[in-house]
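**Q** With the sequences and hints as input, model every part of the structure.
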Amino acid sequence: MNLLLKNKLYNVLAVSRLLNSLGAHIYNLVFVIYAATQFRSTWAISVANIIMVLPTIFSFYMGIQADKTKKKANALFSAALVQTVLFFVMSFLLQSTTIGVFALVCVMNVITDLLSDYSSGLRLPIMQKNLKEDELMEAYSFFQFISCVSGIGGQALGLWLLSLSGNNFSIVAMLNACFFFISGILLYTHKKHLTHDEIEIASSQSIKQQLSDVIDGIKVVFETNASGNLLTTLSCILLMNALGGALGSIYTIYFLDKSLFGMTYGQSLLTINAILIVSMIVGSLTPNDYFAKLSLTKMMICNAMALTGVGVSHLLGLSEFVGVVFLAFSAYIGGKVNPKIDSLLLANTSPELLARTDTLLTMLFTLFLPVGTILFSTLATIHIHLTWGMFAFIGLLATILAVQSQLATEKSKLVSV
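If you're matching positions, the sequence shown starts at 0 in numbering that gives the first Met the number 0 and goes up one per residue.
Note that these hints are calculated values from the structure, not bench results.
If a hint is listed, it holds; no wrong ones were tucked in.
Per label pair, the in silico range of CB-to-CB distance: (1) L103 x L230: 36 to 46 Å; (2) K5 x G152: 17 to 27 Å; (3) V109 x T41: 13 to 23 Å; (4) T365 x A155: 22 to 32 Å; (5) V106 x K257: 36 to 46 Å.
Keep in mind that this is a model prediction, so the values were computed, not measured.
Ideal placement from N, C-alpha and C gives every residue a C-beta, glycine not left out.
**A** Structure, rendered in structure tokens:
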């Protein structure tokens with residue numbers, strides 16, 4: 000929070016990110032509701048869901064384009080302007096319910112999401128240039144807080160607007176256009192502060208070669224600052240992502256036969272989601288506490304042990320309070336892991352590779368989330384104890400990998416001494 004108040008450039012980037020993120024969360028929910036209510040067909044909802052995840056596949060390419068862009072401040076403003084125009088056009092298109100209009104809106108939605116990925120990549124060298132290394136953890140922690148708050152507030156605002164306007168989807172698209180317009184004006188008026196190191200454009204390389212360069216860069220970051228083995232560290236993080244992403248789907252089935260502190264099914268789910276969100280927000284807003292100062296591998300150990308505790312407590316039928324404590328602590332540490340990884344990348348990656356490196360890792364983490372959901376949802380339909388047993392086993396495996404990474408780090412330090 001101190002960084003937000005004392006650093007004008009970070010203040011501008013944070014407000015811009017809030018506007019963009021809030022608009023995105025409002026529109027994504029409304030887009031699905033539009034498909035469901037206007038076409039009343041499962042195929043339309045399926046297409047809408049696919050459209051929202053489709054840009055993830057191209058995020059690495061957008062990262063490459065962001066890295067190649069020389070005048071990043073101008074590009075940030077231009078991207079916001081294009082998004083403003085697209086949502087303004089969509090506000091008129093959404094008044095119609097023809098298949099052709101739906102297809103056109105889908106294409107525009109993909110373009111705006113790709114531009115958002117592009118803009119995120121453009122911001123990285125600017126932050127790298129203007130923030131000190133010891134400020135990066137705080138900077139990314141607050142960004143994560145913005146994502147959490149805009150996710151909750153955006154969906155609530157979107158539903159409220161639809162209810163108030165009688166499902167007038169055009170109003171929501173127009174509001175989103177206003178958000179991007181304000182964000183663009185804010186960036187343009189502070190353009191002189193959006194400085195970055197001069198980018199050296201490398202000679203033409205194939206995607207395969209560029210991917211190889213990025214992987215080499217990731218190895219340097221993780222093996223120097225996190226562990227002695229990239230594969231071990233990434234495997235641990237991916238396993239924890241799968242476990243964390245699956246919790247919601249597990250509880251939707253678990254609470255059919257159980258309850259949390261005697262609550263109803265809906266109240267139990269609402270309470271669990273509230274615990275997860277609040278704990279993550281608290282973790283994001285405390286970037287200078289004891290746990291935030293731990294190394295990445297020690298954070299991973301804490302998170303993996305907490306997730307294991309969640310599985311074991313439910314498997315053994317321990318007090319509900321025990322499971323809630325483990326769950327809250329896991330979300331709290333989880334609110335620090337991603338900012339830690341982002342700060343390490345920004346501190347140790349060259350400006351020419353920043354965006355593509357960030358998007359590659361984000362793509363890996365994002366694509367692995369559904370794996371856990373599918374696995375544990377399937378197991379939960381067979382037997383809930385089997386689900387929690389597998390959850391605890393994978394949590395234990397992640398703990399072992401995290402400990403191995405920490406031991407490798409300590410060993411490498413001893414060798415260097």
